[in-house]
Structures are given as structure tokens and as C-alpha cells.
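For reference, the chains in residue letters:
Protein chains: 2
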Amino acid sequence: MPTLNALGIRLANARIHLLDQQALPAEQHWLDATEPEVMIHAIQQLKVRGAPLIGVAAALCLGLYAQDHKGEELQRVAQALRAARPTAVNLMWAIDRLWACAPQTMLSEALLIFEEDIALCQAMGTYGATLIDDGDRILTHCNSGGLATAGIGTALGVIRTAWEQGKRLHVYVDETRPLLQGARLTAWELARLGIPYTLISDNMAAMLMAQGKINKVFLGADRVAANGDFANKIGTYSVAVNAHYHHLPFYPVAPYSTIDPTCATGAQIPIEERPPQEVRGASGSFGNVIWAPEQAPVYNPSFDITPVSLVTALVTDKGIWDQASLKTGLHCI
Amino acid sequence: MPTLNALGIRLANARIHLLDQQALPAEQHWLDATEPEVMIHAIQQLKVRGAPLIGVAAALCLGLYAQDHKGEELQRVAQALRAARPTAVNLMWAIDRLWACAPQTMLSEALLIFEEDIALCQAMGTYGATLIDDGDRILTHCNSGGLATAGIGTALGVIRTAWEQGKRLHVYVDETRPLLQGARLTAWELARLGIPYTLISDNMAAMLMAQGKINKVFLGADRVAANGDFANKIGTYSVAVNAHYHHLPFYPVAPYSTIDPTCATGAQIPIEERPPQEVRGASGSFGNVIWAPEQAPVYNPSFDITPVSLVTALVTDKGIWDQASLKTGLHCI
Chain A
87 MPTLNALGIR
97 LANARIHLLD
107 QQALPAEQHW
117 LDATEPEVMI
127 HAIQQLKVRG
137 APLIGVAAAL
147 CLGLYAQDHK
157 GEELQRVAQA
167 LRAARPTAVN
177 LMWAIDRLWA
187 CAPQTMLSEA
197 LLIFEEDIAL
207 CQAMGTYGAT
217 LIDDGDRILT
227 HCNSGGLATA
237 GIGTALGVIR
247 TAWEQGKRLH
257 VYVDETRPLL
267 QGARLTAWEL
277 ARLGIPYTLI
287 SDNMAAMLMA
297 QGKINKVFLG
307 ADRVAANGDF
317 ANKIGTYSVA
327 VNAHYHHLPF
337 YPVAPYSTID
347 PTCATGAQIP
357 IEERPPQEVR
367 GASGSFGNVI
377 WAPEQAPVYN
387 PSFDITPVSL
397 VTALVTDKGI
407 WDQASLKTGL
417 HCI
Chain B
87 MPTLNALGIR
97 LANARIHLLD
107 QQALPAEQHW
117 LDATEPEVMI
127 HAIQQLKVRG
137 APLIGVAAAL
147 CLGLYAQDHK
157 GEELQRVAQA
167 LRAARPTAVN
177 LMWAIDRLWA
187 CAPQTMLSEA
197 LLIFEEDIAL
207 CQAMGTYGAT
217 LIDDGDRILT
227 HCNSGGLATA
237 GIGTALGVIR
247 TAWEQGKRLH
257 VYVDETRPLL
267 QGARLTAWEL
277 ARLGIPYTLI
287 SDNMAAMLMA
297 QGKINKVFLG
307 ADRVAANGDF
317 ANKIGTYSVA
327 VNAHYHHLPF
337 YPVAPYSTID
347 PTCATGAQIP
357 IEERPPQEVR
367 GASGSFGNVI
377 WAPEQAPVYN
387 PSFDITPVSL
397 VTALVTDKGI
407 WDQASLKTGL
417 HCI
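Sequence order for the protein chains is A and B. Residue numbering for the first sequence follows this note's numbering, starting at 87 and increasing by one per position. Residue numbering for the second sequence follows this note's numbering, starting at 87 and increasing by one per position.
Since the hints were made in silico from the structure, they are not lab data. No experiment lies behind these values; they were computed from the predicted model shown. Don't take every hint at face value.
Which copy is meant is left open, because identical chains are indistinguishable; a pair holds if it fits in one copy or across any two.
[To be verified] DMTMM-like cross-link-like pairs, simulated, lysine to aspartate or glutamate; straight-line CA separation at most 20 Å:
| no. | residue 1 | residue 2 |
| --- | --- | --- |
| 1 | Lys-299 | Glu-359 |
| 2 | Lys-299 | Glu-358 |
| 3 | Lys-253 | Asp-219 |
| 4 | Lys-299 | Asp-222 |
| 5 | Lys-404 | Glu-202 |
| 6 | Lys-299 | Asp-220 |
| 7 | Lys-253 | Asp-222 |
| 8 | Lys-302 | Asp-219 |
| 9 | Lys-302 | Asp-222 |
| 10 | Lys-253 | Asp-220 |
| 11 | Lys-156 | Asp-182 |
| 12 | Lys-156 | Glu-195 |
The whole structure should be built from the sequences, with the hints applied where relevant.
Okay, structure coming up:
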């Protein structure tokens, strides 16, 4: 049985452990999510998150489960894992890829996905870093780093690669309400890496753009439609509109597997709505706090859609697509 | 000694009580802020907030203090009150107005400011409501209601007036990070008034605009420059850019006294920066919680500047200024 070690997931002695991302940065708690029910709950509760890492984690879980289950039970678990997070196309892609294998080879296929994800991150980092200049002041949103993948990350992996190439950078981190992945996770990762950063509320980015303090945007993408529209963490679209207004380059970064040729445009991407409590307050290692009226009506979409017209270029592990090539149909390339 | 009763401030038996806006909505706690030191602390801690209400509260405080103090001591207190919140031009305007009076008439001048503020709100409400149609879906940011003034409010007073005229409305409330005045105060006021609303994270407004769920924006203004640029709660500028991109009318609402003819443009308006802890977490009746790394570097401007080019019209108690008349110089009208 192999051993795997990533920032957010570990495999050892046939057990999968997840770094509980809801408890970060105050606590570094590893959760045994080998059992499919625990893994599904961890995905739904965002204890494990980031489209690529969700795919890797679910694949490892199914691969281990396939070692001593088969038939209808294995199918039930595969379907339940596949449905745990409706917007995460990597999750469906990973489960489908395992499902095409014989049960006894599913685990090795999952290990392959893990290793591939590390390589994908390296490739995105190498391509994307060519878009970063010495002295850049980069805005990022949500978390697209080592905690979102098995490797160095997508957008944060690009930033890290440029930093390790010796380019001087400053990263502005959107806190990313309501779940605060920027404040909790991206800030923690950047501090670990020693990359200078400043944490801001999401609504401050526009002012920083107007002041010239931000000159580029790099962030992740959870699903890319065939025409280049993409879904990503709520707030991405507002960043895109602001970048467009201030004439700043705006780069989503995602593995090629994030492209969903079955979605012609962003309008076909389903948007998950999450519980109102998340907007009425916040949760973390400190517990749950509520600051709004207890019964306040809330709208809480997890993602929004950014049209391809606002995208400067999409960075993938297969290269960089500019807006013109995005519009002519990603799935053809 | 007169008695005054407003949503956020009361005067009775020569004592000023403030409804502690940091404790809302969980607790309705009235704070005795008759002593200048307590009032200054309350202004700095945002226990009393909203540019007009800060002016009213500080004026009442100075007016009462002038009843048994004079000379250098009175001047010291006037200067300290005037400096409590650097961006609030109404505060300086109110203190200067009292300072032009003899000490024994300062309190009656403060009472006049209180009564005038109620009338100003009514006038803004009446003018502004002409811009609202039956069925409108209005975005607002921060709190510009009864808790921000002595009367019905500025932008929220406009919404309330239209609602009481029988127009059907829905209000989308930006939670307004980092201090959450929307989630805590505006939601509470709208619930009290029975006006239908939905609370959102600040970064969701753009998506709602793209979906057609928001069709107008009304919000306050803390200081308006002579050319129509204005300072308001951080996040206002991002809303303005998004409204512009989606071709939606964008209306700041403020009393005429908010216009500062000494500021030629928004570039002359000083921007107050507040403590980093506010962005690293949140505070309220539940205490202080931190979700970011404890030493995370933070940028925390309290206000941003929206250029007049993004303003559809400014609503004041003296009428509605469209963009053309704003650009020709507000102070001339």
C-alpha cells in the first residue's frame, strides 16, 4: 500500500486523512475520511475543498472502497461520492474515470490521478508564471493553492512558481465571504511560503485597483464551459467586472479537466445554493457566530459565472488560451 | 430640558443615551454618552455611527457640556469631538455651527440640528422616492437608515418613503464587511419596518445584477466633494463599478450639508484606516472572533471614493442633482 503526502490529504496504511480546512488556520486537525460517508460529509461541509483536491480525495476513497466491495454497493458509493458537490466537475470526472476501470484497478487509477494532479499543477505554474512580471501586485480570490489540489495549486501555484523564479510579488488576498477561504486558507498558505501578502475584505479590491495597488488578477476556476465562461467561488464575477473596468489582466487558472464540453455556455452550469447560516454569521474553530437577525432572509450561491468576455486568458496545464481561442471553442483544441 | 426620541439616540433629564450599534441586533443596549469622553469613545468605536447621527450626537453633547463649562475647557472638548471621526464632515459642520453660537445658546442650536435632521430626512425621502417605481429591486450598502440619522434615514429613508407610498419593493442588503452594518443594522431596520429584504455577502451583488434581480442602487454618502465625487463606506465604489457595468441607476443620498466645498475632488478627501483586527475577524455581542492568521497583514480603509462619473444622480434634501449638474459644481447651486 503506497503512502501519499500532500498539504491537504495523506494516504498511509490504507487510511485517508484530510486536513480539516474548516478548522484552519487556528487548528491543524487531521480527519480520517476513509469511510465514504465521512468523505461525503467532509466534501459537503467543505472540510476538504478545491475542485482538484475533491476529485483526488473522492477517487482515493472509491479506490480503497473497491478493494473489498463490489457490485451494487460499490455503485451506490460511487454515485453518492459523485453527487456530493454538484458544481465540482473534477469530482464527476474523477469518479467516472475510476468507474471505467475494473474494481481491482480503481485504487491504482486513483493514485495515478493524484500523481497527475501534482504534474498538472507544475505545468499550470510554469505556463502561468510567464504572465507574471517582477514587481507585480496580484489579487487572488478564495483558495487555489496546495489546499485545493494534490500539488502546488492552480492560481496560487502560478504565483508560487513565479515567486520561486525570483520575481518580487505582493499578493492581495480577498477574504472570500461567506466561507472565508481567502482569510483562513490562502493567508495561511502564503505565510507558510513567505510570500508577502495583504488580507482585504472582498469589497476593497476595487479601490485598490483604482489606486494602482493591484495590477493583475489570478484565481481558480471550478468549471469552464465550452465557450470559456466559467464558474468559480462567489465573488469571482465581481472581481472580473472590476478588473475589466480598470483595464487589468484577469486570469483564471484550472486544469484542463475543469473544462466541461457538455456545458455550451456558463448558463448551463448549475449553481449550488448553500445554507443561510453561512451568510448570517461565520463558523470556524471558534464555533458558530451569528451577527444578522436570526431569521434574516438570505441568498447564498456558492459560485457565480464569469463570461468569457471578461477573461484575458485561461491558464491550463496544456497551455494558455487567450480570449480569441477561448471563444472559438475550448473543447476543440 | 427637552426630551428627544430617535431610533439611535435619546435625550431626557439632561442625559444623552445612545443605542449601542455594536451590540445590535442581538442586544438593544442604551449607553449613557453624556460625558464627552464617553461620546468620543462611542464615535470612535462606532457605537454611534452614520454621518448625520454622529453630527447630531456630538452637537447635543457639546450643547449640554456648554451649560456648565466655558473658555479653554469648552474649546478643548469641542476640538476633541470635532476630531473623533476624520471623514465625517457633518461632525465638523455641526461642531462649527455650535461654536459660532454663544455657549448658553449651543444646546438650543444642537436641538435645532436634531429637528432639522428629521426634516432633511423627510425631504430626501420625498425627492428620492420619485426615483423608485413599483416593483423595484434595490441594492443598498452599509446602513443609511434611522440608525444613521435623527430621522428616517438617507438612502433607507428614501426606500421607506417609497414603501409607505405603497410601492412594492425588495431590498438586497450588502452585509458590508468588515463591520457588517448591513447584516446587523440595515437588516434589523428593514425587519422592523416590514420591508421585504434579502441579506447577501458584498461579493454577491454583481451576480444579482447580471441575473436582473437588482435594478437600482441607493446608498448613503459620508462626504461629497465639490465636483460630485463622494466618500462612503468601503465597498461603495465596487458597487458603483458593478452598477455602471450593468447599466443600473446608482443613487447616493445625503443631506446637503454632506457636500464639502473645500474638497475640489474626491482625491482631497482623507481616508481613515481602521485597526487590522476588524478584517482578521468580526466583533459583536458574541465577543471577538478571529479567523485569519493572528498576524495577517491587513489593509482596512473605512471609506472609498466613488467618482462622479459613476453617479446617476445625487439625492439631497434640496433636490436631485443629475450627473451634468454635479459636474458643473455642486457648491454653486
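We went through each hint and held it up to the structure:
For a Cα distance limit of 20 Å, the shortest separation of Lys-299 from Glu-359 across copies, 16 Å, qualifies, whereas the shortest one inside one copy, 33 Å, does not. Taking CA atoms no more than 20 Å apart as the test, Lys-299 paired with Glu-358 passes between copies only; the shortest distance there is 17 Å, against 33 Å inside one copy. For the identical chains of this complex, Lys-253 and Asp-219 are intra-copy neighbours only, at 7 Å inside a copy versus 53 Å across copies, given an alpha-carbon limit of 20 Å. In the homo-oligomer, the alpha carbons of Lys-299 and Asp-222 lie at most 20 Å apart inside one protomer (9 Å), although the nearest pairing across protomers, at 36 Å, exceeds that limit.
Proximity of Lys-404 to Glu-202 under the C-alpha cut-off of 20 Å is restricted to the intra-copy arrangement: shortest distance 13 Å within a copy versus 66 Å between copies. For the homomeric pair Lys-299 and Asp-220, the shortest alpha-carbon distance inside one copy (14 Å) is at most 20 Å, but the shortest distance between copies (41 Å) is not. Taking CA atoms no more than 20 Å apart as the test, Lys-253 paired with Asp-222 passes inside one copy only; the shortest distance there is 8 Å, against 49 Å between copies. In this homomeric assembly, Lys-302 and Asp-219 come within 20 Å of each other (Cα to Cα) only inside a single copy, at 10 Å, whereas the closest approach across copies is 39 Å.
Taking CA atoms no more than 20 Å apart as the test, Lys-302 paired with Asp-222 passes inside one copy only; the shortest distance there is 7 Å, against 36 Å between copies. Taking the shortest Cα distances, Lys-253 and Asp-220 sit within 20 Å of each other inside one copy (5 Å), while across copies they are farther apart (55 Å). With identical chains, the CA atoms of Lys-156 and Asp-182 are at most 20 Å apart within one copy only, with a shortest distance of 16 Å there and 81 Å across copies. In this assembly of identical chains, the alpha carbons of Lys-156 and Glu-195 lie at most 20 Å apart only when taken from the same copy (16 Å versus 84 Å across copies).
Taken one by one, the earlier hints all hold for this structure without exception.
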